[in-house]
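On the provided structure of chain V, position chain U as indicated by the hints.
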Amino acid sequence: MSADVAHELQQRTKTRDRVRTRVRIVLALGPLTSVAGVVWGIAQPWRLTLLHPLGQGFWWLFSEPPLYVVLVGLLFRFVVAPGIVEDLE
Amino acid sequence: MTLALIPPAEMVHWWFATGFLIIGLLLLTEAIVGHEAWVRRPWRKYLWPSFLFGMGVLMWPVMTFFTNSAIHMVAHGTWAQFLMLAGAAELGVARGKLHSQYWRLTSAAAMLVSGTALLVHEQQHWFFARAAFLHHALGWTMVAGAVFPLMQALRPRSLTAATGFASVFVVTAIMLYCDRDSAAIFGHFSQYAGVLHR
Numbered sequence: 001m002s003a004d005v006a007h008e009l010q011q012r013t014k015t016r017d018r019v020r021t022r023v024r025i026v027l028a029l030g031p032l033t034s035v036a037g038v039v040w041g042i043a044q045p046w047r048l049t050l051l052h053p054l055g056q057g058f059w060w061l062f063s064e065p066p067l068y069v070v071l072v073g074l075l076f077r078f079v080v081a082p083g084i085v086e087d088l089e
Numbered sequence: 001m002t003l004a005l006i007p008p009a010e011m012v013h014w015w016f017a018t019g020f021l022i023i024g025l026l027l028l029t030e031a032i033v034g035h036e037a038w039v040r041r042p043w044r045k046y047l048w049p050s051f052l053f054g055m056g057v058l059m060w061p062v063m064t065f066f067t068n069s070a071i072h073m074v075a076h077g078t079w080a081q082f083l084m085l086a087g088a089a090e091l092g093v094a095r096g097k098l099h100s101q102y103w104r105l106t107s108a109a110a111m112l113v114s115g116t117a118l119l120v121h122e123q124q125h126w127f128f129a130r131a132a133f134l135h136h137a138l139g140w141t142m143v144a145g146a147v148f149p150l151m152q153a154l155r156p157r158s159l160t161a162a163t164g165f166a167s168v169f170v171v172t173a174i175m176l177y178c179d180r181d182s183a184a185i186f187g188h189f190s191q192y193a194g195v196l197h198r
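Residue numbers (our numbering), protein chains in the order written: chain V, 1 to 89; chain U, 1 to 198.
Chain V on its own, in the form it takes in the complex (with noise of 0.2 Å):
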């Protein structure tokens, strides 16, 4: 094998190595904003209204942050998130 071979494939390699990398970030970036907000959710059950709904009006049950970010982490995910894999590899 020449040198200048080796040099491409070597090449090569580094950019799929470095596109392996980028992809798996992409695709770790909404679960983990959705661990978060599991994570929130559980650390601050008093900000999930949903869990003790009596008595609440309609903007304290609608407004559930915990489950906001949880819904950003989803969307991005499979909304966003293959599209790019897709345009990457």
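Hints listed in this document are in silico derivations from the structure and should not be mistaken for laboratory results.
For glycine and all other residues, C-beta sits at the position ideal for the given N, C-alpha and C.
Any given hint might turn out to be false.
Footprint (simulated), chain V over chain U, 3 or more residues, beta carbon under 8 Å [stated by the list, open to error]: (1) 7-17; (2) 36-46; (3) 68-82.
What follows is chain U alone, placed relative to chain V:
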């Protein structure tokens, strides 16, 4: 179930936090994969500028309905204008109607104005209550964070600037989610701050 027409201010902060989190994630992804990969699908390049512009539009009802004081109205109105300006400029760049890299300066201006407005319209000291603390912290984060879009205007391919810009949005989202109308901050809570929440 009761339906009060205007939600508590803390909830509006959480909704905007969600917007900031979305923009932060999108910007972070763009920084990770690179601009070329990010704009490979035409709809993707409009994503975060649209959210930024949309948040500017949504700031107007906030200005209209949360009229605690004149300075609040001025601050919210200024945010609305500068968020819309930055969003519109980024949309123009994404569409190809605007070409100069210096349009990113509108984002720097938006952050500088937002930070200043946050600092000016918070009348209480840092440890008055959590909301006061967060307004000061958010204000200084925005003012300091303005350096990242400024860097991007000068060096559009800087990874540090792109990551920093995205991080400012994520940090802002976290701080906005922490906001409560009347809660303690590191054990401090002024007797004039209302009824204590968790």
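The hints, checked one at a time:
1. Only residues whose beta carbon comes within less than 8 Å of a beta carbon in chain V count, and the stretch 7-17 of chain U has 6; three or more means the coverage holds.
2. Remark: the stretch 36-46 of chain U is confirmed as covered by chain V, as 5 of its residues place a Cβ nearer than 8 Å to a Cβ of that chain, reaching the required three.
3. Counting residues of the stretch 68-82 of chain U whose CB lies closer than 8 Å to any CB of chain V gives 0, so the stated coverage by that chain is violated, three being the minimum.
Hint 3 from the earlier list is the only one contradicted by this structure; the remaining hints agree with it.
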